[in-house]
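Peer 1: Residues per chain, in single letters:
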Amino acid sequence: MPLIEVKELTKVYDDGVVKTPVLHGVSFSIEKGEFVAIMGPSGSGKSTLLHLLGFLDDYTDGSYNFSGQDAKSYTGDEVAHIRNKKLGFIFQSFNLLSHATVLENVRLPLLYSNIPESEWDTLALKAIDSVGLSHRTSFDSAQLSGGERQRVAIARALVCSPEVIFADEPTGNLDSKSGGAVIEILQKLNEELGHTIILITHETYTAEHAKRIIRIKDGLIESDTQVSSPHHTNGGILIK
Amino acid sequence: MTFKHSIQTAYKGLEANRSRSLLTILGIVIGVAAIILVMSLGEGAQNLILGQIQGMGSKTIIVVPGREPKGPADAAQVLSDSLKERDLDALKRKENVPTLKTIMPLVFGGDSSSHENETYRLTIFGATPLIETIFDLPVEQGSYFTEEDVRGRTSVVVIGTKVKKELFGDSEALGEKIKIKGRSFRIVGILPEKGQVSFFNFDEAAIVPYTTAQDYIFGIKYFHRIIVESEDEGTIARTVDDITATIRETHDITIADKDDFFVETQADLASRLSTITSILTAFLAAVAAISLVVGGIGIMNIMLVSVTERTKEIGLRKALGATYSDILTQFLLEAVMLTGIGGIVGILTGASLAFIISLVLTNVLALSWSFSFPVSAAILGLGVSGLIGLVFGIYPARTAAKKSPIEALRHE
Numbered sequence: 001m002p003l004i005e006v007k008e009l010t011k012v013y014d015d016g017v018v019k020t021p022v023l024h025g026v027s028f029s030i031e032k033g034e035f036v037a038i039m040g041p042s043g044s045g046k047s048t049l050l051h052l053l054g055f056l057d058d059y060t061d062g063s064y065n066f067s068g069q070d071a072k073s074y075t076g077d078e079v080a081h082i083r084n085k086k087l088g089f090i091f092q093s094f095n096l097l098s099h100a101t102v103l104e105n106v107r108l109p110l111l112y113s114n115i116p117e118s119e120w121d122t123l124a125l126k127a128i129d130s131v132g133l134s135h136r137t138s139f140d141s142a143q144l145s146g147g148e149r150q151r152v153a154i155a156r157a158l159v160c161s162p163e164v165i166f167a168d169e170p171t172g173n174l175d176s177k178s179g180g181a182v183i184e185i186l187q188k189l190n191e192e193l194g195h196t197i198i199l200i201t202h203e204t205y206t207a208e209h210a211k212r213i214i215r216i217k218d219g220l221i222e223s224d225t226q227v228s229s230p231h232h233t234n235g236g237i238l239i240k
Numbered sequence: 001m002t003f004k005h006s007i008q009t010a011y012k013g014l015e016a017n018r019s020r021s022l023l024t025i026l027g028i029v030i031g032v033a034a035i036i037l038v039m040s041l042g043e044g045a046q047n048l049i050l051g052q053i054q055g056m057g058s059k060t061i062i063v064v065p066g067r068e069p070k071g072p073a074d075a076a077q078v079l080s081d082s083l084k085e086r087d088l089d090a091l092k093r094k095e096n097v098p099t100l101k102t103i104m105p106l107v108f109g110g111d112s113s114s115h116e117n118e119t120y121r122l123t124i125f126g127a128t129p130l131i132e133t134i135f136d137l138p139v140e141q142g143s144y145f146t147e148e149d150v151r152g153r154t155s156v157v158v159i160g161t162k163v164k165k166e167l168f169g170d171s172e173a174l175g176e177k178i179k180i181k182g183r184s185f186r187i188v189g190i191l192p193e194k195g196q197v198s199f200f201n202f203d204e205a206a207i208v209p210y211t212t213a214q215d216y217i218f219g220i221k222y223f224h225r226i227i228v229e230s231e232d233e234g235t236i237a238r239t240v241d242d243i244t245a246t247i248r249e250t251h252d253i254t255i256a257d258k259d260d261f262f263v264e265t266q267a268d269l270a271s272r273l274s275t276i277t278s279i280l281t282a283f284l285a286a287v288a289a290i291s292l293v294v295g296g297i298g299i300m301n302i303m304l305v306s307v308t309e310r311t312k313e314i315g316l317r318k319a320l321g322a323t324y325s326d327i328l329t330q331f332l333l334e335a336v337m338l339t340g341i342g343g344i345v346g347i348l349t350g351a352s353l354a355f356i357i358s359l360v361l362t363n364v365l366a367l368s369w370s371f372s373f374p375v376s377a378a379i380l381g382l383g384v385s386g387l388i389g390l391v392f393g394i395y396p397a398r399t400a401a402k403k404s405p406i407e408a409l410r411h412e
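These protein sequence lines map, in sequence, to chains H and V. 1 is the number of the first residue of the first sequence in the numbering used here; add one for each residue after it. 1 is the number of the first residue of the second sequence in the numbering used here; add one for each residue after it.
If you're looking for bench data, these hints aren't it; they were derived computationally from the structure. Possibly wrong hints are sitting among the right ones.
With a straight-line Cα cutoff of 25 Å, these simulated PhoX-like cross-link-like pairs (lysine-lysine) come out [what the hints assert, rightly or not]:
#: 1; chain 1: V; residue 1: Lys194; chain 2: V; residue 2: Lys179
#: 2; chain 1: H; residue 1: Lys72; chain 2: V; residue 2: Lys402
#: 3; chain 1: V; residue 1: Lys179; chain 2: H; residue 2: Lys19
#: 4; chain 1: V; residue 1: Lys179; chain 2: H; residue 2: Lys86
#: 5; chain 1: H; residue 1: Lys7; chain 2: H; residue 2: Lys86
These numbers come from a predicted model, not from an experiment.
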């Protein structure tokens, strides 16, 4: 049973006046443990697809099965629980809470989980350690560099041990060195810890770090290929 | 999310905008403070009035001539000369009012008095020596006139301190004579300084035998009041009934509507006056409550601004697993904390102001005013301000909770 299975998925934005179709029917499935890059130029619908897969937005038509269950059959609270427990999100603009420390930011998802409070600090510190920011734990998030901020966001996405991590252009706002570090962490999470990772990017070189690339153009899948030997940055620089 | 963390999250949200939060609660602070102030002063006024009434003793019953005023049209007392000597005699008979302990007629009015070149306008009370116990008015110098003096229409007088001071200054007054209505009265007693008792200021009074007052000062054959003391508090109702029956009998009255007198107990008076002050207090508190509503609208306005400002934060929280009710609780708690803190500060402010005013009233105006902290009003104020947070917070909180995570994350 695939973890994620979409069939003829469509999305039409409707602001009440104008209907804007973005996805015209995409079908694919992703197994547990895959590292998939979804590529495409801006406006291709790749971000929309990620939002639909991440239960952040509702699709218009088609079907989406998550863990074998129809996505539309979940109630609002169940969806919140899935986002909390099974999905992790990394955004291009980091989306950290300002006026909060690194630890507080990483602890945030735990607040909404049913994990007992006594374990929160242990889990958060472990996640911070895994992105190499143990020395920044009590720093205010505003004091960090862009690359460090994105690593905090990764720690936050990790803290509830999700099944899938969605990364929406995680290197888009970073220089090539910080970007390289971020991609390296994602790769490690996939290869060593077995997290399923879905990465959105418009850069071919970044995408080639994944094991599989789905190319989207004008709301349709253009190609779906396995990468024979994914790049490894190994502490190197991400070439754009 | 546990309630503890909801509170922490809400608190952090407010602290991030500290000066705005403080300005927002000002409306609630003013509203609650105004209510507490009004309620506290109302209670103080009520205590003051009740204290005055109790100065006369709770077993006291007052028979008043004329028809009991039922409305503004009745305000002009009719038949005010209905209580006469024969009513007094009838009430004194044990078989008519067996539970009567003491009885005293009272006439009163203002007139001027003089001694040598000094004149002073005083209040004249015509009574019997029983006035000493009924109004708790022992003399400081000399003694009261006697029952003998009452029977003999003697021209003797007991004067208040202010009368003495105005007419005699520092010189001896006891045994001296003052002139009222051209007639000389010998001073037999002087009252101590007493202030206001039962709405009468005995410092400015002269007490003479009622017979003397009727014949030589007022020229009347009736009484302004008959004051009766019942044996004990349990027999008040029975005494009132017996008095009513006896006077109706002497006046040949068969229908209650035709009564030319009415009987008042201290309890009646107390309840009537406390009704008036309660209504007044409630009215003023209602006016003050309007400012609470205005404050509540201010809270709603700021919360809406806050929700819009923090759209991105809301989206992030939702993406990280916050449910509808998590977000609703967070913003509702922010509003309730604002109004709750406003309520507490308002209660403290209002109580402090009331305390300062009570100090002014006691020390500057020399009223026997006591500061009272209206606990019920404080609880009500806190409850109402919390409720206002809920009522005016629910709309912004729902707006926040309904935001779609992706719309919210996209918000710039």
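Peer 1: Output the indices of the hints that this structure fails to meet, ascending.
Peer 2: 3 and 4
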